[in-house]
Amino acid sequence: MSMNPGNGREDISVDWVQRQLKAVGAVEPPASLRDRLVADIPASGGGRRTVRGLQVWPGWVRWVGAAAAVVVTASVIAWLGIPSGRQGRPIADMNGASARVYAADHNSLRPSDTNLCDINSVR
Amino acid sequence: MRDRSERRILTALRQGRREAYVGVIDAHYPSVYRFLLFLGGDRHLAEDLTQEVFASAWKSLDGFRGDSSIRTWLHRIAYHAFLDVQRRRERDTALTGALGGRDCGVADDPLAGIVAEESVSQVARALHDLDLEERTLLLLHYVDGLSYREMAQTLGRPDGTLKWITSRAMERLRGRLAGKVEP
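Those protein sequences? They're chains A and B, same order as listed. 1 is the number of the first residue of the first sequence in our numbering; add one for each residue after it. 1 is the number of the first residue of the second sequence in our numbering; add one for each residue after it.
Everything labelled a hint here was simulated from the structure, so no lab data went into it. All C-beta atoms, glycine included, are put in the ideal place defined by N, C-alpha and C. Keep in mind that the hints are not guaranteed to be accurate.
Calculated cross-link-like contacts (lysine-lysine; reagent style DSSO-like; alpha-carbon spacing at most 30 Å) [as the list claims (entries may be wrong)]:
hint, chain 1, residue 1, chain 2, residue 2
1, B, K163, A, K22
2, A, K22, B, K180
3, B, K163, B, K180
If you want the footprint, here are the derived chain B segments under chain A, 3+ residues with CB under 8 Å [as the list claims (entries may be wrong)]:
hint, stretch
4, 17-26
5, 33-39
6, 48-56
7, 154-164
8, 167-181
Whenever a hint applies, use it, and build me the whole structure from the sequences.
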């Protein structure tokens, strides 16, 4: 504490003022205020919310959704048969001409294919 | 965003977890309330505004990027909510004055009964007599313990400027208390 020559009054230390300000900070809010704030928690405080317009689902829902998407995709691929043996593969042709064997499709035989399986053919 | 725990809290809030909301309320509502109480010197206004601050925070949760701490974010909302009320009051006062009426918005001693201890009460009154900017800075720095960097994030002004104004505000507060209190 020192005397201020300007106004003739005792100066108050910064430390003392800071302590008083800290004491000001000890004021407690009324308990009812907390109840009001908790009551004001939005209803989505127990459900899902959005982030920038996108739905945010709980973690378990997202995992189940991802698994379901994988299963559906795999099923669609299996159903379409991609890849399958229907496309045929080139083989060596005894006649020196390229030909395809349609192993699964017996109706797609072409004349040039017959030399592979028809031993009675006479050329 | 300060640390991982705050990031987790923010994620939990965005997922709508109730316990996260309650946790944020419990951690921050006393300081938000005190800030508003000594900013405006009105208990009822402080309570209503605290409620408004949290309601507004929940609404703007998606827009909060986490660049500052949750505490700083809430104080920023509180400060702007108070400024809005202040502007409304000034408009109402001007209107009341123009109509030749009496301004009923301000109590004679708004801080009466808030602080029991006499010296603390004197400091609270002297604080209330400072201008809004100085009062805000002293409250944020000395009462709520925000750093100058956090204050800069709250008020959107350079921290060097705020440091200087806070120091000047402290001198003014000391000047107002001189001769009124006995340390």
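Comparing the hints with the structure gives:
Of the supplied pair hints, the one linking B/K163 and A/K22 holds, its CA atoms being roughly 18 Å apart against a limit of 30 Å. Annotation: proposed proximity of A/K22 to B/K180 holds, straight-line Cα distance about 19 Å (limit 30 Å). In summary, the hint linking B/K163 to B/K180 is supported, as the alpha carbons are separated by about 26 Å, within the 30 Å threshold. With 6 residues having a beta carbon nearer than 8 Å to a beta carbon of chain A, the stretch 17-26 of chain B meets the requirement of three or more and the stated coverage holds.
By the rule of at least three residues with a Cβ nearer than 8 Å to a Cβ of chain A, the coverage given for the stretch 33-39 of chain B holds, with 4 such residues. For the stretch 48-56 of chain B, the assignment as covered by chain A holds, since 4 residues bring a beta-carbon within under 8 Å of that chain's beta-carbons and 3 suffice. For the stretch 154-164 of chain B, the proposed coverage by chain A is not satisfied: 0 residues have a C-beta within less than 8 Å of a C-beta in that chain, short of the threshold of three. A stretch counts as covered by a chain when three or more of its residues have a beta carbon under 8 Å from one of that chain; for the stretch 167-181 of chain B and chain A the count is 7, and the coverage holds.
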